[in-house]
Amino acid sequence: MARKQLHLAAHFPGVNNTTVWSDPRSRSQIEFSSFRDLARTAEEGTFDFFFLAEGLRLREVHGQIHDLDVVGRPESITVLTALAAVTTHLGLAATVNATFNEPYELARRFASLDHLSGGRAAWNVVTSSDAFTGENFRRGGFLDHADRYTRASEFVSAARTLWDSWTDDDLIADRRSGRFAAEGAGRFSHRGQHFDIAGEFTVPRSPQGHPVVIQAGDSADGRDFAAAQADVIFTRHGTLEAGQAFYADVKSRLAAHGRTPDSLKIMPGVSVVVGDTDAEAEEKAAHIRSQQVSGATAIATAELLWGIDLSDRDPDGPLPLQDPVVGSGVVRGRVGFTDPVATVAQWREAAESHGWSLRQTVIAQQNRQSFIGSADTIARQLDSYVQADAADGYILVPHLTPGGLDDFVAKVVPLLRERGVFRSEYTGRTLRDHLQLPTPQGAASGAA
Amino acid sequence: MTPLLTAVALDGAGFHPAAWRERSVGVQDLFAPERIVSLTLRAETAGVDLVTLADSLGPAGSGPGEVTARLDALAVLARAAPVTERIGLVPTVTTTHTEPFHLQAAVATLDWVSAGRAGWQIQVSDTELEAQHIGRRTAADPSVLWAEATEVAEVSRLLWDSWEDDAEIRDLATGRFIDRDRLHYTDYVGSTFSVKGPSIVPRPPQGHPVTFVALTGPESLPTVAAAADVVLIDETDLDAAVAALATVGDAVRRRGRDTEQVRALIAVSVLLENDPGTARTRRERLDARSRRRTPLDHVGTVDSLLPLIERLAETGFDGVLLRPAVLDTDLPTITDDLLPRLRDSGLAGPNTPGPLTLRDRLGLPRPANHFATEHFAADHFAADRPAELRRGA
Ligand SMILES: Cc1cc2nc3c(=O)[nH]c(=O)nc-3n(C[C@H](O)[C@H](O)[C@H](O)COP(=O)(O)O)c2cc1C
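Top to bottom, those sequences are chains A and B.
Our numbering puts the first residue of the first sequence at 1, with every later residue one more than the last.
Our numbering puts the first residue of the second sequence at 1, with every later residue one more than the last.
What the hints contain is simulated information worked out from the structure, not anything from laboratory work.
Note that the structure is predicted; figures quoted are calculated from it, not measured.
Yeah, the Cβ is synthetic: ideal placement off N, Cα and C, and Gly gets one too.
Hints should not be assumed to be uniformly reliable.
In the EDC-like style, the derived pairs of lysine to aspartate or glutamate whose C-alpha atoms are separated by at most 16 angstroms in a straight line are [stated by the list, open to error]:
| hint | chain 1 | residue 1 | chain 2 | residue 2 |
| --- | --- | --- | --- | --- |
| 1 | A | Lys411 | A | Asp278 |
| 2 | A | Lys411 | A | Glu44 |
| 3 | B | Lys196 | A | Asp130 |
| 4 | B | Lys196 | A | Glu135 |
| 5 | B | Lys196 | A | Glu60 |
Computed footprint of chain B on chain A; a stretch qualifies when at least three of its residues, placed anywhere within it, have a C-beta under 8 angstroms from a C-beta of chain B [to be verified]:
| hint | region |
| --- | --- |
| 6 | 47-57 |
| 7 | 68-77 |
For reference, chain A alone in the conformation it holds in the complex (with noise of 0.2 angstroms):
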C-alpha cells in the first residue's frame, strides 16, 4: 500500500510561553516583514498552510493585563490577505471566532480571501464565548457555553448557504445582452435557532467554493462538529498514544455525517528541535524549555494551575502547600487546566522524587517540545506517527519569530521528501488541492 503523505502547516509564534521573545534573533510580533518571511519559509519548504491563532481580549492575571509573554498582534484575515501578494502557493489559515461575528460579513470576507489569494483561504472556527472577551463586543457575553457549538455548527452552515448562493456560472458578465449575473444570483435564506438571514450575497463563488474549515476544541460537541463540519482538525494530542486514540475515535464519528476518514485530515499542534545530533538537539530544548520558563512565569503558571495569588512565592523554592481553587477566575482570557486537583497532585509527586523547584517542575510539565533530534530522527518519527494513524500531518509552532522554522525546513523537509511521504513542489493551485480535499458542489441557483 503507498505511504500515507504528510501534511505540514507554519504556526506563526502565539501570544504565550511558548514564543521566546527574549532570544537576540527574536523580532517582531507585529510588523509584516516577521510574516512575510515565515510565510516564505513556510512556503520555501511546500507547507500546506500558514496559520494564525486569534484572542480577543488581552490576558489577565489578578485583574491585570498578563506582560511576561508576547502580548498584541494583528487582525488576521487581513495580515493573510496581505501574505497573499507575497506568497503564491501556501494555503492562509485565520482563526476567528463564530461567537462574536456574523454569517453575512464573516463569509463574505473569507470568500475575498479566497478570490484574493486564488484558492487559499482557510477558517478555524473557534468557540470561545466568556463574558471576559464579550466586554469587547455589542452583545457582550450573550452565549451559554453549552450553546458554543450550536451556534458555531449553525454559522458554518448558514456560511456554506451564502457561498453556495452564487453558482460557477452565475456571473454571466455577457456585454452584448448586458446580463452581469444570472438572475437570482447570490438570493439566500437561512433561519434557525441562532441566525434568521435572507437577501443578497455580493460575493461570486470563490475558487475553493467554500474556504477550508478547520476546527480547534477537545469537547465531545467538538469533535462531533468537527466531524460534521471540519476539513481539517487542530487539536493538542501529539504524542504517538494520544493521538492514535483521538485520531480512532474522531474518524469514527465521520461515517454518521456520510463522511470518508480522508476527507478530514488530524493535525496536531507540536514543537520541534532540530539539532546536528540527537544528544545536541536535547541541549538546544533544554535551553529553549529554560527560555520559555522565566521565574515570572513559573509563578503565573502555577497561579494558572492553583487558581491562587502566588506572586510572594520564590520560584525556585518547594511547590505551594494549598489545594487549587478550581474555577477562581484569578487568571482570564486564557485556556486553564482541566482539572487542576489531579495536576497539582501529579506535578507534587514529579517535584518530589526529583528534587524540583517549582520552575523545574513548570519547565519539565510544560514541556511542549514533541520531536527533538537530529534532522534524520525527526523525519523518521514524523513518518512513523503519521503511518501509524497518530496523525495525517503536524501544524508547527516554532519558538522564534521568523526564524524559527529556518532548521526544520532546511534539514527535515529534504529527508522527508527522499522517505517520499512529502511534495518536493505543488502539485495543486488551491489548499484543498495540497489537502487532497474535494471541491464542495455549488447549489443550484436562486436556490433559497
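Position chain B with the ligand against the provided structure of chain A, taking the given hints into account.
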C-alpha cells in the same frame, strides 16, 4: 499655494454603471487580484496620492445589468499593500451592523501591512436589505446611524491609543514583554455598544489611520465635524460645492476643531477623450446601456478639465477625488496625460518618492496619544462630550 492632492476611485469597472460593457474591460477578471494590483500600481507610479474603494453590506449596483458583486474593500486594498510603497489605501468600512472592536483592528492592521498608508471611509448601512443580511437590527434613520458612526470613530481612536507607542519593552531583567502601565482600558460606553479594551493590535504606524467621511447630506455633517481628517464632497455644480465647503468649515469650527487639520476633497467624475465629440459619443454609448442616470461632471478633453480643477483649487479644495467613468480607459488618461499636465501647470506637486505615510502626504500630523497625556482621565468623560454620545442622554 500648496500642491493639489489627487485621489482616484477604483470601484468596479468604473464609475459609469455600464462601464463593464466596454470592450476594453476584462469582465471575467473584475475580481482577480491582479487587476486591483495593476490599477493601484499604475496610480502610484503616476504619483496619485491615494486610492479609494467603496463598500457596503449589500449589492454594489442595482439589478442584473450592473456589476452587483464586489469583494470586501479593506481586504482588496490589503492585497495591494505589500506590492505598493507610497500610495494611500482608503477602503470604505461600514459601522452599522459591524463590531467596532473588529473594525478598528482591521483598519490598524491595514496600516501595519502598508507601513502607515491606511485610511478608512466611514459609511452607514441604512437599507432594510442590509439589515436582513445581518439579522440583528432593523433599518434605522440615517441620523441615528451617523450618530453611532461618530461613536465608532471615537472608540476606534481610543482603541488605537490604548497601546502607547512604546508599550513593548522586552525587558530581560524583569521578564516583561510589555509595560502594562502603557496599555489602557477604553471603558467606552456608547449609545448602542460598549468596549472594554485595550485593543489586541498595538498602536498603528500612523497613530490613527486617516478617517474619511463623505458629506452625504445633513445626517453625516456631525460625523464630518467630529471625526473627519478628510471630508469628501460630492456636488455636481461648483456653487453647491463651495457652499458645502463653507458648511463643513462652520461645523468643524463649532465642534472646536481646527479647519487646518481637515482636508477637503471634491469628487469629479471624468470621461476623457482627445476631442469633445469622441467623449460625447462614448458617453452616449454608455448611457444607452444603463437605465440608471449618473451625473458625470466632466465629459471632454484633458484641456477642458484643467481649468475646472484650477477653479476647484482656488475655491479652497485641497484636492480632487477623480472617478474614472471606465477605469481601463480613463485611468490611463488620468495617469499619463492629466497628472503631468497638472504638474506642468504648477497645480500638483512633483512626482517624487515623497512622504511615505498617508498622513505625511496629506500634511496631517501624527496625533498625540489621548491616554499618554496627563489629563486623559479628567477629560475622557468630560461634560463637553456631546450629549448624544453619553449613554441614556
Ligand atoms: C489546538 C487548539 C488551538 C486553539 N486555538 C484557539 C485560538 O487561537 N483562539 C481561540 O479563541 N480559541 C482557540 N482554541 C479554543 C477552542 O476553539 C475552543 O473554543 C475551546 O477549546 C473550547 O472548546 P472545547 O470545549 O470543545 O475544547 C484552541 C483550541 C485548541 C485545542
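Straight-line alpha-carbon gap A:Lys411 to A:Asp278, limit 16 angstroms: holds, 14 angstroms
Chain B over the region 47-57 of chain A, status - at least 3 residues with CB closer than 8 angstroms: holds (count 3)
Pair hint outcome, B:Lys196 versus A:Glu135 [Cα-Cα no greater than 16 angstroms]: holds, 6 angstroms
Straight-line alpha-carbon gap B:Lys196 to A:Asp130, limit 16 angstroms: holds, 14 angstroms
Given coverage of the region 68-77 of chain A by chain B, tested with a Cβ cutoff of 8 angstroms and a minimum of 3 residues: holds (count 9)
Restraint status (C-alpha distance of A:Lys411 to A:Glu44 at most 16 angstroms): holds, 12 angstroms
Hint consistency between B:Lys196 and A:Glu60 [alpha-carbon to alpha-carbon, up to 16 angstroms]: holds, 13 angstroms
This entry satisfies every hint, going by the numbered hints stated previously.
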